[in-house]
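Quick note, the sequences are listed as chains A and B, same order. Just so it is clear: in the first sequence, position 50 is 50 by this note's numbering, and no numbers are missing. Just so it is clear: in the second sequence, position 108 is 1108 by this note's numbering, and no numbers are missing.
No wet-lab data here; the hints were simulated from the structure. A few of these clues could be false.
Unchecked claim - Rough simulated footprint, nothing fancy, chain A against chain B, three-plus residues with beta-carbon under 8 angstroms:
| id | segment |
| --- | --- |
| 1 | 1056 to 1067 |
| 2 | 1071 to 1082 |
| 3 | 1124 to 1135 |
| 4 | 1203 to 1209 |
| 5 | 1212 to 1224 |
| 6 | 1229 to 1243 |
Idealized CB from N, CA, C, for every residue including glycine.
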Amino acid sequence: MTQLALVIDLNVCVGCHACVTNCKQWNTSGSAGALTDCNPYEANPNGTFLNRVQTFEVGSFPNTETVHFPKSCLHCENPPCVPVCPTGASYKRESDGIVLVDYDKCIGCKYCSWACPYGMREFDEERKVMTKCTLCVDRIYDQNLPEERRKPSCVLACPTGARLFGDVHDADSQVSVAIREHGGYALMPEAGTRPANHYLPRRKTRVSVHEEDLYSSDNPHKIDGLPFDHTLPPVNEELS
Amino acid sequence: MRPAFSVLFLTTLIGAAQGLFIALFFVELLAPSGVTREFFAFGSLLVVFLMGLGGISSVFHLGHPERAWRAMAQWRTSWLAREGIVLPAFSAAAFAWGVAHWLNLGHTFAIGVAGVILALALFICTGMIYAAIKVLKEWSHPLTVVNFILFGCASGTTLAAAYAGFMAPDLAAPLAKSAFVLILLSLVTRAAALWRNATLRPVSTLQTAIGVRHPRIAQKAQGAMGGSFNTREFFHGKSPAFLRGVLAAMALGAFVLPLALVMFAPLAAFLIQYAGLFAERWYFFAEAQHPQNLYYQTVS
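Produce the complete structure using the sequences and hints provided.
What follows is the structure, encoded as structure tokens:
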């Protein structure tokens, strides 16, 4: 079974919001209708977004670290939003695991948004239906696009390559390898939702230098068990 | 959670209707002689009227009311769909029961039993809509369902006592006594739920929400400065003082005053109790802390 998902590398994300704007651009231009903007040129502009980037500060000054955190539907393998829907508008596709909303069946009761622990769904105030990330289902299968462009808009927009897209059930896919080898984790595992999207943690590149790396360990003047005497004359190799 | 007024009206109105029907059925069961058919017929009319008001207010909760009929589709998995089926079924049973009494058609006991079963099923559906949301720990507990049942029965029986005061004065006193007991019971279970929610520890934290293991994480931006659906739907936005006021209104309106008044002024007791239960339902929403709020602590 296929389970398409995103893997988001928090080590690489710089918080530029390019994924947010490209997501909005693609999904507001589709046949499903515009993602509403309320008060776009007035006080408190707000609107429907399927993807957002949040920023968190970890630690206390001066030992702080900024974490930019892209947030969109995790396409859970056990999605709590799906069984609660009274109409069947909210569903998970058997074929590729994408969680979708049928905008023609949605009655706008918002019950699914209550069931989602992450707050990933947003109610569209103009269309009066629940909206959410579709993994750009209307472009990833589009045969008219060149194959390398058949990816979600957010993935294509990311300038640092922080967003990977693929089948997390295929053990050899780029996303599975990234999760396996770079400590990919799921959000709120205690909710039991088994998110398909994974996040890669911040990673620091450190070089460990041992004391013996600072001098030639094979120096014939060194006596085992005693600290190295730096006043000793160098050996031949060190002179050359 | 932000209290949705359409849902507050819906649950309080249909709760009273279901409780009233159950009370009327027990009147038929325990005091069959000396009660006129008008008593049952107009009583069931009142039930259907309250159900209709509740149904109308529920429509205001929907973005697309014209598609409301679709809400019955997923009865296998969704308690909301089950409520969508049981609600009209119960209203129909209450209506049929009243007609059977009015026209002396007989079979009122069989219709009444079906109506009581549907009334209880509707209580369970309504309660489970909230109790089935596992991530909302304040709601996800059997006490939620118990409270919906007891509040509905208490309010409906108080209404039945007030109604009997006009239509069958002999029945007013026993109904008022039953209402008194039900209000006391609902006080116990609601106090238990309040205590449970006050001592509840959140399962999810900001650490599990973004997956960073550090005791001090502070939000610096939530991706939007003008609010979003997430900030509107899941925060009640009222001050702690306002919340305490609602809690006091609930304590007085739903318990203290109805208990004091139900024996000798049941109509006043019912009206005050309705306002108190409205406050109770408001507080029920406001006290639920949705884990998604972890992602929306700071605007910028």
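The hints, checked one at a time:
no., hint, verdict
1, 1056 to 1067, "holds (count 6)"
2, 1071 to 1082, "holds (count 9)"
3, 1124 to 1135, "holds (count 5)"
4, 1203 to 1209, "holds (count 5)"
5, 1212 to 1224, "holds (count 11)"
6, 1229 to 1243, "holds (count 4)"
Of the hints listed earlier, there is not a single one the structure fails to meet.
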